[in-house]
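Peer 1: Spelled out from the first residue to the last, the chains are:
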Amino acid sequence: MVRVGFVVTRRTKQNILMSTPVVISGSLVLGLLISYVIIWITMGIDIISFFGTFYQTITSYTGLLEPFVFLAMIGTAITIGFYGSFWNVGAEGQYVMGMLGAIFLTMFSPLNSIFTQDNVLLATLTKVVVVIFGGVLGAFWSLIPGALKAYAKVTEVPVLLLMNYIAYSISDYLTAGPWKGKYTYGYIRTDQIPESARLTTIPGLEMLRYEVLAAIVLITVFAYVLLEHTTLGLKIKFLGTNPVALKSSGYDDKVVTLLTATLSGFIAGLAGSLRLLGYDFRLPYNIGDGKTGFYGYTAILVAWLSFRNIRYVLISALIVASLNSFGYRMQMLLKGLLPPGLSAYAISLVLIGVTLVVYTIVRVLKEYSIKLVIKT
Amino acid sequence: MSFLGNQTVLRISNIVKKFPGVVALDGVSLELYSGEIRSLLGENGSGKSTLAKVIAGIYSPDSGSIEIEGRSVRFTSPADAIRYGIFYIPQNPSLIENLTVTENILLVSKSLGLLTKVDKVREIVNEEVSKLGYQIDPDTEVSRLSYTQKQIVELVKASLLGAKILIVDEVTTYLPKVVRESFYRYMRHMKDEGRTIILITHKISEAVEVADRITILRSGVVAKTLEREEFDVDLIRKLMFGERALPTRKEHLENYTLASNRREKVELARLDNIWANDDSGNIALRGLSLKINRGEVLGVAGISGNGQKELAEVLVGLRSIKRGHYYLDGAEVTNRGVKAIRTAGVGFIPEAPLYYSFSGDLSLVENVAIASSNNFLIRWGSLATKVREFMNIYGISVSSPKALVKVLSGGNVMRLAIARELELSKKMLIAYNATRSLDEMFSETFLNTIRMLARRDNIAVVYISESLDEILAVSDKVAVISSGKIVGLFERESVDRETVEKLMVM
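In the order they appear, the protein sequences are chains A and B. To convert, note that position 331 of the first sequence is 331 in this note's numbering; the numbers rise steadily by one, no gaps. To convert, note that position 168 of the second sequence is 168 in this note's numbering; the numbers rise steadily by one, no gaps.
Next up, chain B with everything else stripped away, as it sits in the complex (with noise of 0.2 Å):
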């Protein structure tokens, strides 16, 4: 350990920070070591997030006050929050799409009154990059790097920029294995000059694995901070959850296994030789195709910018066909439209909600109404009875169905995203990284309602994620998708995970 290890580089105390509807940091008070990876764990809407945002400058809080290296501050920009050298990496990439990796880190930089040379910073990105064991063109539009690799160029450009603090905001969940770890080896490294990261996520496997100390928040307060020598998974899930942390129930689930076994295999959709084009007019689907079941999960797994996301709009109907056929209960859909797929019953569970399924401006009864509602008078009350279930079944924090979505917390729009879609998925469901912003026992109810959809209701889901480990755990099959074709499929007793990583990488 380093022996700046008990310097106090951030004191933050009793932080408040309310949104209409919703109070997200109810006091919180924290303090942060130069030299320590500190995790923040947290359930969905406990408020990590928010911390982060205010720590970064982005969010102003209502009262409390933040000290840096003991001296009192006040941000009213995240360019100030980087002057003091505090760096955030959100969830989603906020680079600028269209310049290169290059002008991206200039565009900070200068500002800085650092590294103004485009051929020096070019130099060192290079070196930073394959230092994470990457090779990443400085010169490449960042609308062309995969997720991962944007989150990469994130990393480095807050190291580069003399980062003291960095925040990294969820940005590890998906990522394969052996990439997660040349993250953390990068961490470490920037760890050991004395730098602090904080790193936010909801998996505490993850926070056990690398952090030196782990803040817990629940419901907008600091509920413990635990040393490394405190660090014990039960433990830090009571924390979490209170008493709903309850064991998962293992047979409940195994008995749908069981009747699934004896029933037959009826093809609900196909896909046949799809070609389909990504946004920036390159082909994304090089001629997959994939039958796909009534009462199975099928689990396609795959290294992110495979063509997963294509994959996802194509069944959902929301990116044309160039070539081939999509047939759905019986009927052919090919570029038919979003309507004719819905209304055959699929519900579609999308990676980024905000974007693909509601609309943050408008409230949540609304964002409900537009997908559910089929005649030409909304019936808001009967609606709003219906958000207020959803709220309480799916445990949506917020004061009333009129709410705006956009005060939601990450996996509180994440949690209305399925309750809404889970009710259209008559025949259907395309869930699409779905738990990416989901905690731990939210992510587990939801798996197991999956399974439940396919086993009692008979329903197809085609489960797309990132993550192998949720699709050993939920898939009846498992297709391996890479460079927009499928490569490998898997019934659920030969699955092997060795061969489905080699798959996903070919």
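If we strip away everything but chain A, and leave its shape as in the complex, we get (with noise of 0.2 Å):
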């Protein structure tokens, strides 16, 4: 009797074409040629069109740094959940709550009459206070599955995806309701936030603003010190690999948890109150049709491509808003040829799929090789 079998192995000396940037950057390849395979079998493009595209989509920074941003920080949120298996897929609803929050401050609130007044050193400090409240809301949002995850031992995921449709439903009540827009030329959505809440933009970067700029670098700076150079970060990597080990060396299991899940969400916050005012200045009716770009669920993505490796968010995000922006541009591309019902974001998810695919074989391989044998 023949059988096959496969032998594992734990690789014992780094390849240098096993290093990370190295793998990173090849699946990314691999996965557009295999990406290229399948759009070519169902739509027939050729090679030069596809390449050619991906070409522009990188070459313009301009239409990649708004994906890209928005994606590191909601990456760098969900990563730091991930670092204390706190699998934070609610990050999409505290990004609405973020937003929901700025708009909450700035239209329906008494600061609303700061923006009002023309004191410009006021209004920049409101903003911030807006901000973070947007991250507040974010985080009592992450709170609420974190506190029933420690306190009553409810697995948090489910709670978050559940809290993400939770969110968008009272996005859509207020956007509907109490905070209705008068000038809206008969759409459902709210008013736009004043001219003096919204954020600067940068001159010759048309799609970034200071604000984002500043708030991207204080993130990425932050949570790379907090898990790299705190007690802190130390107790989130232990509650991640061996909470036994976190309790009995004195610590509280459950705080660190609650810990865990609230800077997760104070993050995903923030990036919801910068992207309102910044970018979208108002709620849309029907907000999880697409409308917030689904960047709390892409960025799972971006926080998967990094493994757990606050290092690697960036360059994920980068690679991420890159196939995510292609898919938009090949939208374009295939006008005619796209199948009826299928949009730019699919497009978009078997580019990311196929490369997350592809990636997640290659780093099984970097850690362990693979022989095959017959035995007879």
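The hints are simulated quantities; they were obtained by calculation from the structure and are not laboratory data. Please note that the accuracy of each hint is not assured.
Restricting the straight-line Cα-Cα distance to at most 35 Å, the calculated cross-link-like pairs of lysine-lysine (DSBU-like) are [stated by the list, open to error]:
1. B:Lys426 x B:Lys402
2. A:Lys254 x B:Lys406
3. B:Lys291 x A:Lys254
4. A:Lys254 x B:Lys402
5. B:Lys203 x B:Lys386
6. B:Lys477 x B:Lys291
7. B:Lys427 x B:Lys177
8. A:Lys254 x B:Lys322
9. A:Lys153 x B:Lys485
10. B:Lys224 x B:Lys265
11. A:Lys366 x B:Lys406
12. B:Lys117 x B:Lys131
13. B:Lys322 x B:Lys203
14. A:Lys371 x B:Lys224
Join the two chains, each given in its own frame, into one complex according to the hints.
Peer 2: Next up, the structure:
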């Protein structure tokens, strides 16, 4: 009888070909090639326009910047959660809560009057408060599943997912009800926030705002220092790998779970309030219908691609952002070829999905060598 | 001796196995014969367990070959090895906890196409277990069995399923003498049927007592294989440890003993009528009371599963107290959590550091930092220096402080736990089966250190162990635990082994 088996051994020597940057970029190239084959078979498009479009995507940095910064921020939020085994698939909801917080403070709270005055300094300070308030709401949104996990042992993943839909519904209720705008040309949506509440565009980088740039730098540095240099970060790592060891070192695993959830949700919420103040200016109705860009979900892929390593979040965000934008550009290229019902987002998902599958396989090969053996 | 004695059943040649930062096996060649008990001896990190796992198909070697009865084989999983009749009984029982004894055996037997009838299995289990002089209900859930009982089930399972080669990894180390002897009897019985038993141990006495041949491993290579006639404890010790095999420093210890006797006994901690449950919610401690004095080693003797684990966890604050009071250093710490106890200066060396103390997926330095870094920012530089010191002093063989704890051998993990926790033991040290995976030399050093801590630094030590020999060697006072209660308390001068053993099984 002939049987086939696999001998799996952990690699002891690190091969230069298997260093993390090579693995990430190699997976990208391989993923693109495979995606091309899929798209070529289904829609028949020549390789030159495919890679030509990809080249355009990655060279037009202005178009990439916007998805990149948001994916990087939310990706960082989710990665912090992943370190503590808090599988934050609810970043989308926390992101929406951040938007709600921002529009509430700027339009429907006493702070609104500040933005109608002509005091630039005061308006700037208030903007900081607004952005942070968005973070606080995001943190609150994440803390609910976090507390259920810590104190009632409820698995966080389904709760987090459902919280996304609750956030969508709250947003839609407010947009169609108490917050419904007066100057919307008949659309159901809120009015726009005052000019003075909006973030400042960086000249020459139309898709970037000074405040967003500052936030991404601060968040990246914060996350790096937190996870690599602080006791809290170490506690989060122990929570994620052996909570009993955390407990027997004298720390409360429940408290660390809450802190992990809070930090993760806070950063996702910040992204939401920055988004509203810098780009959207208003809340649309049916927000769950792709109007968030699904950044909260797409960023899960960023966290996964960086594989729970904070150092690779930025590069992963860049890759996912490129693929995401590439998908949207492909839509134009595929005009007429795209089967009905298939959106640009679907193309993006094909690209991202294939790349991640390739990446996951290569990662296993990076850690382990696998040999096929035939036994007689 | 059996006439089958000379037939080679297993030949391994030039096995190399590396882990990141560690070369565990560096070209091991070995021949095993049918109908023998072969002991694999070696100090911590010598490669015994790795070799066993390679033979059992758990690890794939980087290079080298394995032949069974002259046929070259290549295992890709433990199931492959089982098909060739190779069974591995690990140090930590690997039965499925929420299945019954019968179900656990059926699980494997069905896959082999043997014994698929529940009643038949139940009957045979009863029969085999009673051969060992035990009673285990085959319908008990495994989680309710003690360590010894689980290992008996493993042994019976392997025997029932036709093991040709049985690997027993440090299983017998802590068993009470009576149980150990019935284990040996069973092994000899298996050997007489022409099976091969590989007994892995770091206890020389055990190997000499039961083995037909001893193979000594040192730093991942075979130092020598000795025939029964060649057994000589001093020679074996030299082969295991090389030049470091020095006689124990008896005088040293006695000095400390003298010093302590002059000192007055001051109470540091007290357990008052403590009640606590075990993991499955059954009562494990039933009104246990204990006084713990400064500068004294209090040994807690007992047969595994009588509440020792829960006692250790109560002392460090990991297990909640249902009833009773725990005082430490003048304050009540009942259910005040681990932090209150740890910050009072309490170290904890548990039986399974990878479960209690460390995260295998993090580095040595991170695992030291979690217990000793109190500032907001961690000072990695000075911690790395500290870990390097630990590596030198405690002989932890690994390439760097940044290596992951999971690449360490069992004994090296324990050494790291000892290194870290001794430092934290400013007032009290709780040790629970701390020597289970330590080799003879290091155990001795460790026991000396404990006594020194008590004598010189006036630290209270609670030494919970299933090894009565160790307890008698190290303790100033011996408490005997049985069914979750202290059933006897003796001063060092008045302790008598027989009385203690009787109380243990009470």
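Peer 1: All hints are to be evaluated individually against the structure, with a verdict given for each.
Peer 2: How the hints compare with the structure:
no.: 1; hint: B:Lys426 x B:Lys402; in the structure: holds, 27 Å
no.: 2; hint: A:Lys254 x B:Lys406; in the structure: holds, 25 Å
no.: 3; hint: B:Lys291 x A:Lys254; in the structure: holds, 32 Å
no.: 4; hint: A:Lys254 x B:Lys402; in the structure: holds, 28 Å
no.: 5; hint: B:Lys203 x B:Lys386; in the structure: holds, 31 Å
no.: 6; hint: B:Lys477 x B:Lys291; in the structure: holds, 11 Å
no.: 7; hint: B:Lys427 x B:Lys177; in the structure: holds, 34 Å
no.: 8; hint: A:Lys254 x B:Lys322; in the structure: holds, 21 Å
no.: 9; hint: A:Lys153 x B:Lys485; in the structure: holds, 32 Å
no.: 10; hint: B:Lys224 x B:Lys265; in the structure: violated, 50 Å
no.: 11; hint: A:Lys366 x B:Lys406; in the structure: holds, 18 Å
no.: 12; hint: B:Lys117 x B:Lys131; in the structure: holds, 21 Å
no.: 13; hint: B:Lys322 x B:Lys203; in the structure: violated, 39 Å
no.: 14; hint: A:Lys371 x B:Lys224; in the structure: holds, 33 Å
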